[in-house]
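*Asks:* The lines below spell out each chain.
2 protein chains.
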Amino acid sequence: MENKGKLYGIGVGPGDMELLTLKAARILKEVDVICAPHAGAEKESIALSIIQPLLDEREKKAMVVQPLFPMKEDVNHLKKHWMEAAFIISDYLNHGKDVAFITLGDPSIFSTFTYVQKNLDGKYDIEVIPGITSFTACAAAIGEPLVEKDETLTIVPKIDKSIKDIIDKSDNFVFMKTSRNSRKVENKILKDPREKTVYSVENCTMEDEKIVEGFSNEKPYLTTTIVKFKN
Amino acid sequence: MENKGKLYGIGVGPGDMELLTLKAARILKEVDVICAPHAGAEKESIALSIIQPLLDEREKKAMVVQPLFPMKEDVNHLKKHWMEAAFIISDYLNHGKDVAFITLGDPSIFSTFTYVQKNLDGKYDIEVIPGITSFTACAAAIGEPLVEKDETLTIVPKIDKSIKDIIDKSDNFVFMKTSRNSRKVENKILKDPREKTVYSVENCTMEDEKIVEGFSNEKPYLTTTIVKFKN
Chain A
0 MENKGKLYGI GVGPGDMELL TLKAARILKE VDVICAPHAG AEKESIALSI
50 IQPLLDEREK KAMVVQPLFP MKEDVNHLKK HWMEAAFIIS DYLNHGKDVA
100 FITLGDPSIF STFTYVQKNL DGKYDIEVIP GITSFTACAA AIGEPLVEKD
150 ETLTIVPKID KSIKDIIDKS DNFVFMKTSR NSRKVENKIL KDPREKTVYS
200 VENCTMEDEK IVEGFSNEKP YLTTTIVKFK N
Chain B
0 MENKGKLYGI GVGPGDMELL TLKAARILKE VDVICAPHAG AEKESIALSI
50 IQPLLDEREK KAMVVQPLFP MKEDVNHLKK HWMEAAFIIS DYLNHGKDVA
100 FITLGDPSIF STFTYVQKNL DGKYDIEVIP GITSFTACAA AIGEPLVEKD
150 ETLTIVPKID KSIKDIIDKS DNFVFMKTSR NSRKVENKIL KDPREKTVYS
200 VENCTMEDEK IVEGFSNEKP YLTTTIVKFK N
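Chains as they are written, first to last, in numbering that gives the first Met the number 0: chain A, 0 to 230; chain B, 0 to 230.
To be clear, the hints were calculated from the coordinates, so they are not data collected in a lab. None of these values were measured; they are calculated from a predicted model. One thing to keep in mind: the hints can contain errors.
As the list makes no split between identical chains, a pair holds if one copy fits it or if it spans any two.
As the list claims (entries may be wrong) - Okay, derived cross-link-like pairs now, SDA-like style, lysine to any residue, Cα gap no bigger than 25 Å in a straight line:
1) K148 - F86
2) K148 - D159
3) K183 - D170
4) K157 - K195
Work out the full structure: start from the sequences and follow the hints.
*Replies:* Right, dumping it as structure tokens:
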């Protein structure tokens with residue numbers, strides 16, 4: 000891997016730039032290339048918008064590349080885009096440039112970085128810099144602990160039929176991006192006979208953050224719901 | 000709450016000082032009082048040792064108080080210590096001093112801050128600053144994603160008999176502080192018929208970090224195990 004650049008997978012946290020780690024901020028100020036996946040031509044990368052003020056402060060500007068990562072579920076279609084992104088990144092690394100792939104929240108939790116990481120693992124020096132996850136930021140915003148004592152916590156990316164198997168097995172749940180849920184699955188959870196508290200946080204730590212009791216009606220893209228059952 | 004100080008619950012991350020957030024670092028440089036719980040007279044506070052270099056840089060030194068939070072399981076005995084800590088903190092807040100209660104990892108996840116937060120909630124202005132959790136730092140250290148696609152992730156603080164109810168319901172598990180486990184419960188997990196990968200990280204992001212396959216034999220206090228079942 001001599002003379003090759005290093006790849007960083009950097010979690011930029013949930014939205015507030017001050018929730019970047021010191022390490023992430025240091026690397027983002029030094030690195031040659033910033034790779035910020037975006038979901039479509041008309042959509043700007045949220046991760047990039049979080050770190051933009053920091054990039055603006057740099058004297059030597061970074062090269063910013065924005066490969067397309069569409070939010071579709073057709074895996075074959077997606078694979079083509081992941082391969083393309085990996086190819087673009089490889090090209091910079093082969094030319095000795097260090098690349099920071101930025102991702103909302105943490106790079107190990109439901110992250111687009113995972114696909115790039117799997118494609119390039121073993122071929123380059125890769126370092127993952129953890130970030131603040133949306134769910135601990137949401138708990139902080141609500142002002143309630145997420146999990147305590149001997150309780151368990153389960154993180155669910157998408158509520159579907161399988162929720163019935165696990166809903167009575169864990170004490171606390173985080174439902175990520177609940178904008179994708181139907182009211183029907185939400186009602187199933189609300190009908191669980193245990194005493195519970197349910198809070199949703201929309202656009203956590205961003206300027207338009209909103210905390211609501213129960214599931215969210217408006218459901219912006221970045222909505223997280225925390226369900227805590229009482230034992 | 001006029002004229003009263005503000006209480007911050009600050010997550011200092013898993014060990015590496017560079018994993019502090021910019022926000023945590025800013026507050027820790029400004030705040031009047033640092034409250035660092037410690038487990039016993041002979042044990043230094045790990046959270047305090049993480050931020051010590053940052054405190055040493057301060058021109059105006061912070062007052063550091065270290066209430067005792069013994070690691071015992073007798074709740075009545077513990078309550079006495081939590082009340083004492085809350086009393087000490089209240090006294091500073093009533094005198095208009097801002098206090099930062101520091102906690103390893105994140106303040107919303109199995110944190111001693113929870114007890115202080117519950118005692119003082121509603122009486123003072125409280126802000127929680129999320130931190131990097133040990134488990135995302137461990138996944139970053141291993142270089143493997145923690146959870147992806149439609150998988151679920153369950154965080155378990157203590158493996159006991161109830162593990163049999165949930166072990167086949169979730170795709171990925173984090174076992175926190177596995178130093179408290181018996182070999183017997185670990186073997187139960189290892190015998191699960193699904194294909195899996197098991198990694199433990201001892202003292203993650205610290206100088207003596209060690210990654211081992213399977214559960215840890217040495218089991219220092221800060222050992223986290225990640226079990227990923229393959230679907």
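*Asks:* If a hint holds in the structure, say so; if it does not, say that too.
*Replies:* Cross-check of the supplied hints:
1. K148 - F86: Intra 46 Å, inter 22 Å, cutoff 25 Å: inter-copy only.
2. K148 - D159: Answer is between: at 13 Å across copies they meet the 25 Å cutoff, but 29 Å inside does not.
3. K183 - D170: both (21 Å within a copy, 24 Å between copies)
4. K157 - K195: both (20 Å within a copy, 22 Å between copies)
When each numbered hint is compared with the structure, no violation occurs for any of them.
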